[in-house]
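Asks: The primary structure of each chain is shown beneath.
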Amino acid sequence: MPVVTLYFNRLQKLLGKRISQEKILSILPFIGLDIEEQTKDHISVEYSPNRPDYSTDYGIVSGLQGLLAIKTGMPKLKIKKGNYSIKVNPSVKKVRPFITSVVAKNGKLNDETIRQIIAMQEDLHNGIGRRRKKTSIGIHDLDKIKFPLSYTTVSKDHRFIPLTSSSEMSISEILKNTDVGTKYGNILEDSQKMPIVIDSGGNTISFPPIINSNLTTISKDTKNLLVEITSIDKNVAEDVLAVVSYTLQNAGFTIFSTNISGANNSTPILNPRKMTLDVDLVNKTLGLDLSPSIIVSSLRKSRLDAKPKGNKIICEVPKYRTDIFGSMDLVEEVALGYGIQNLEPTIPQSQSGGEKNKITKALDSLSAIMVGLGYFEAINFGLVSKEVQYDLTKRDSSKMISAADSKSQGHTILRDGILPGLIDTLSKNIHETYPQKIFETGVVFSKASNEIKEEIHLACVCAYNDVSFSEVKSVLQSVFKVGFGLHCTTQMTYLPMFSEGRTANIVINNKTVGVIGDISPEVIDNFKLRIPISGFEVKLTGLIFD
Amino acid sequence: MSQVLHPIEHKIIKTLKQTPNITHEELAKNAQLTIDQVRRGLEWLKYKNLIDVNESEVFFARLDKNGKESVEKGLPERRLVNYLSKHPVCTFESARTAILESEFNAAISNARQNGWIEITKSQNTNIISLKDDTTKSSEEELLSILVNKTLVSEIKNKTALESLKKRPDFILLESIKTSIINLTSEGLETASKQSESVGERKLTTEMLTTGKWKELSLAPIDVEAAAPEVFAARSHPLQDVINEVREIFVSLGFTEIYGNLTQSSFWNFDALFTPQDHPAREMQDTFYLKDTSTSKFATPGQIAKVSESHEKGWHYDWKISEAKRMVLRTHTTCVTIRHLAEKNPDEARIFSVGRVFRNEKVSYKHLVEFNQVEGVVSGKNVTLRDLMGLQREFYYKMGLKKVKFWPTFFPYTEPSLQSMVYNEKLDKWVELFGMGIFRPEVTRPLGITNPVLAWGGGIERIAMLKFALSDVRELYNNKLGWLRSVPKCP
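Sequence order for the protein chains is A and B. For the first sequence, our numbering gives the first residue as 484, with consecutive numbering after it. For the second sequence, our numbering gives the first residue as -1, with consecutive numbering after it.
Take the hints with a grain of salt, since some may be wrong.
[Said to hold, decoys possible] Cut-off 20 Å, straight-line C-alpha distance, at most; resulting in silico cross-link-like pairs (PhoX-like, lysine-lysine):
| no. | chain 1 | residue 1 | chain 2 | residue 2 |
| --- | --- | --- | --- | --- |
| 1 | A | K506 | B | K402 |
| 2 | B | K359 | A | K890 |
| 3 | B | K310 | A | K757 |
| 4 | B | K288 | A | K930 |
| 5 | A | K841 | B | K341 |
| 6 | B | K477 | A | K1011 |
| 7 | B | K9 | B | K46 |
| 8 | A | K839 | B | K341 |
| 9 | A | K802 | B | K310 |
| 10 | B | K322 | A | K930 |
| 11 | A | K717 | B | K310 |
| 12 | A | K563 | A | K706 |
| 13 | B | K378 | A | K767 |
| 14 | B | K395 | A | K839 |
| 15 | A | K936 | B | K288 |
| 16 | B | K322 | A | K936 |
| 17 | A | K617 | B | K317 |
| 18 | A | K523 | A | K506 |
| 19 | A | K936 | B | K294 |
| 20 | B | K423 | B | K464 |
| 21 | A | K616 | B | K317 |
| 22 | B | K294 | A | K930 |
| 23 | B | K46 | B | K191 |
| 24 | B | K288 | A | K882 |
| 25 | A | K869 | B | K359 |
| 26 | A | K890 | B | K288 |
Quick caveat, the hints were computed from the structure, so don't treat them as lab data.
Let the sequences and hints guide you as you build the complete structure.
Replies: Rendered as structure tokens:
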């Protein structure tokens, strides 16, 4: 989850009212922020990516002002008509079809404001922007730009001085030799045409979604900004533009419109949307009996506009609230504005008694029987290593099921049997007293014509100097007789994991349901164990439950 | 310390009481034990301070060259007497023919001392005459004893010994270092308390069947002695926590459902309104299964409506190929939502516990695989406050009495809350289960008409608090040392 750093002195100033540090700390969780770290002068809070407006302290302050009733209702975004324009060339259609933009003027930047804006930009890139694939943002020094701008495409030979560089590079070089180029170059896939924003002086302003030009770099002295957002989705681009515009307005800038035209692009409209909320839905969902006026004031504390109209509430939702889809989202806004801490928990009466699942119930019984026979329960993973599951145990890996791109080496394939994991468990306990007797029940996986089948198995191992085939066979017989009234027989078979002549199939009701035997000395040695092991594994699915 | 004695110890004490100050060999002989049994028994008894072992020197006497000869031929005085028995009165001169000159004086002197002869003088000649009583002398008796090596201390007639010692090459004295065993005062006390019969070590079937037990008593044992450790087998502590959670759900009127660990993306994500380009669906977070597919994962109606809900809500082209991709479930919600979609019950209280998977790097905080529990309540009139109340009830039954709620975000619930519970041991608030009401974008396409309250979270976190673990991996490394020692009811 993304993190925002909040300095107490800045918060105080932005809130516009003296609020104690404790009060701020106690109220932050109630606008959905988790406090991650706390020092004397600042805190770090985690916000959820569905609230991109909380990506700066400006947005968080707006939320706090609502709950603290310092300012309620929807913050208005005022966009003045600007004299700026971007023309879109149809050649961008195949590579990155949409651009949107505003101009922000007469603001004052300082180090912390710049830091907040850059952090917002990164969070928006990674969240809604889907790592810049869907949307990317360029923020430029307006005064370095000659309008009108052109959003068009160029070849990879096009050259300009990219941000933080001192010399000209070709687009090919940027894609190959810069960090951002290698990280985000794949977004442009194999397109030969590269998207580019060029001003009327022929200067390159931006190479979206990779990098800005060095020419328009912003600094503390920058007063006027151009925001350009390119995207593969026009709606998302405008949502992001709304978040940025609103943030810059809060930071003291005046927002001006940019006229956009060409190739299905248009000047963005960042107006709030009207939604209707049913009072009954609010009360039915929350279990309350709130009057329309309480609902209205709650919504206003959540920084929305609301007016009662009969049994309905007419709400106005600012464009930047991309998380609000429908009525239920407004119900939550009511709950937050009303205060979660003011909701008294109630208990609904149960209509009927509960019960356990028949599969897990059978496993409970099985576990009790194994424990009664002196076996400890082990819990291993279902996602295991090929080495343990197949190589060290000499098992057939031809039907192995792999997970793609596992980050953990020991967890790359799905187990098709429990015994290998139990032998591995023994190998981690060589310094513990013998006899060691362990069992496990759990899901194992198999594959038939690419469809995965899941079955539940029981397996156990017994390890000590005097262990024998017949000892574990006694356990096997006992488990199924005592547990389920089933009679087991064993029939000689051969499997490389076990010693030859000491391996048998387990047969119940004329069906082979498992295998029992003495583990082969080679396998024992592979696990660096120095103790004889016998064990069995039985498929329970189809035997004691379906 | 109670003195519970082994039968060997009993025999040794009994023997020492009868014959104190004896050697190992004597003890073995008298107590009818092997020398090894004696050595072992003595070690135990020494440790219990019931006996004393003193190292000391013992003298033995045996015959030397002349002594051996005398046994064959008789002592010089006996030979003199034998001569006299044929010549009852004779002169010194004639007697000298029978005995070596070197022995003559001793023979005369000893025979006279023994009262066997009388000497009279007549005409310058000494006459020897035999008396009636010539029974064996004490020296002779001793000689026959000393044919065998004998403890000096056991020789009664010390005068005879001294006398023999004076004769050249008659007696050899040898000394041997030996241990002399004796009871201590404590040992004597124990011995006096000791009943005549030691008792039987073990009760046997034979004693019971023959009725022999009636005549026997059982030997006491050292009931305070340390016993070897045995390990009571048990279910896994994590499973115990899972079972506790299941019990609580059942007691709250919930029915357990079970579902597969492998799921189509459709149920794991699409049905829960998670857009196909959502970061959570990337391979970096979710395990996709290679070379697998699914044919009948949902009904055409479900697919059409879910697709429509996505396209309307998220503005993108929904792809069925993406929905078909098989994943290891990232939550149990896919199981509960599928259950609701298939059964569409008017009222429901269901729960599900099981493994879920996340493609993470394993660390003390994170596992690739862990257990999640999820509860769901559906009904015409269920509310957010009910959801909060059920949480509070659940935690109360888990022993967590202080609970508070904060807003949060989950992609498929609205409103969404997270619960914080106060942990006494850690003295802080800990985040536990998340909860919410399923979004209409989730329920509507699946034909679920009533509100659905849902909550859930990881079980490992609860287990870690319960067993005071700081590394979540400890729950899965199956260390027998831990499994054999961790209390079942901490």
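Asks: For each hint given before, does the structure comply? Return the numbers of the non-compliant ones in rising order.
Replies: none
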